[in-house]
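Participant: All the letters of the sequence shown, read from the start, carry residue numbers 1 to 397 under our numbering.
Honestly, the hints are just simulated from the structure, not real lab data. For clarity, every value in this text was computed on a predicted model and none was experimentally measured.
Using C-beta positions, here's what the derived DEER-type ranges look like: (1) P253 - A39: 38 to 48 angstroms; (2) E24 - A124: 27 to 37 angstroms; (3) S196 - M248: 14 to 24 angstroms; (4) F190 - Q81: 50 to 60 angstroms; (5) A69 - S196: 48 to 58 angstroms; (6) Q257 - Y134: 15 to 25 angstroms; (7) L264 - P141: 12 to 22 angstroms; (8) M248 - E24: 31 to 41 angstroms; (9) P253 - V40: 34 to 44 angstroms; (10) L131 - L280: 33 to 43 angstroms; (11) Y134 - I46: 34 to 44 angstroms; (12) K192 - L247: 27 to 37 angstroms; (13) A39 - K194: 32 to 42 angstroms.
The C-beta atom is built at its ideal place from N, Cα and C for all residues, glycine as well.
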Amino acid sequence: MKILEKLFILFLFTFPTGVLARIELSNGVALTLNDLVLAVLVIYWIILKFNLKKIRQYFLFKPLALFCAVGLVSLLINFPQLGLIKFLISGSYLVRFISYTLLYFIVKDFSKDFKVKINKYMFASGLIVVLLGYFQYFFFPSLKPLFKFGWDEHLYRMTSVFLDPNFAGTFFNIFFIFSLDILRKHYKTFSKIKNSIYLLISILSFFAVYLTYSRSALMMLFVSVVVYLFLIGKKKLIFISILFLILMIFVSPRAFQTEGTDLLRVVSTTERFSSLNIALKVIQDNPILGVGFNAYRYAQAKVGLYGIFWQVTHSGAGTDASLLFVIATTGFLGFFVYLYMLFKTFVLAKINFKSSGIVLFVVLAGLLIDSLFINSLFYVFILEWLFILIGLTEGSN
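Could you build all of it, start to finish, from the sequences and the hints given here?
Facilitator: Right, here's the structure in full:
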């Protein structure tokens with residue numbers, strides 16, 4: 001097996017370490033084990049395989065390059081306000097985002113045989129995340145001891161390796177559709193035992209979404225299931241599925257019993273509106289090119305949000321809506337380029353419906369809804385899976 005393929009496998013199996021293998025640096029910057037392996041993978045690919053003439057032909061090269069370019073320009077324009085240190089820290093986020101986009105090109109470059117294996121490795125990696133979620137839910141139901149490290153005090157909610165129920169719910173949704181589609185494609189060729197195993201894993205990931213008690217994750221699940229059933233031609237099951245999804249809310253353990261598991265809770269809703277108001281204020285002051293990608297933490301600190309904790313809080317670098325985050329950091333210019341990128345990704349998925357395009361289309365549709373409430377379109381672990389799925393989808397031809 002080639003070194004690049006081995007590095008990619010290692011990268012996939014550092015994914016389940018999530019934020020548990022996280023090193024806090026200074027000025028609110030942190031690195032995970034997954035980040036470090038990704039850096040090695042990307043650098044190795046650039047040295048050995050990078051070919052600008054070749055990748056310029058890839059379907060999403062232009063929109064990705066345009067968005068990254070706007071991100072760079074937004075930083076350069078804001079350099080006088082940021083200063084050198086803040087500029088370099090903000091620029092490191094752009095470098096990381098570019099690294100995630102390169103996963104698309106790396107995967108696209110792999111041989112067809114290895115791409116088949118990637119699906120298996122992704123399944124195994126995702127399954128570990130789900131199983132660790134159940135382990136955390138039953139044995140570590142409270143994250144209160146982690147509050148001093150900047151994490152929220154979640155109680156009786158599944159957070160898995162992300163230590164956040166909302167992002168965990170987003171990932172469980174993606175993995176549910178991913179595993180369910182494998183079962184749909186191969187149930188005629190799989191043995192009864194293998195079908196049963198895949199069905200059980202799909203069910204576990206489905207219930208995991210509910211155990212996060214994340215309203216955004218539940219909305220994503222509703223949208224994902226409806227869109228998926230529509231695309232595979234099972235329209236008659238849509239109404240029954242919606243009723244079942246609603247019923248599951250009321251039979252979930254501890255539903256409505258605590259502040260965190262109460263789906264009618266108002267505290268987080270109030271905080272979310274406050275976050276949106278801050279984003280709108282930042283956009284109003286910087287409408288064309290934003291505050292710089294990603295200098296949003298400094299923009300929030302400027303208006304006094306998070307007080308003395310603005311550098312250590314894990315929610316300080318983003319806002320609770322991905323599209324508002326795009327406008328705030330890259331302005332309306334970046335927003336229109338980003339919409340163009342999303343549109344092209346949907347087109348790519350539609351072109352490849354006969355292969356893996358359905359999963360990508362459903363995941364994107366679900367993420368768009370989910371990202372109205374949390375910044376899931378820019379959450380690093382979601383970005384990694386998304387760009388790998390994009391690479392597999394285009395590489396299926």
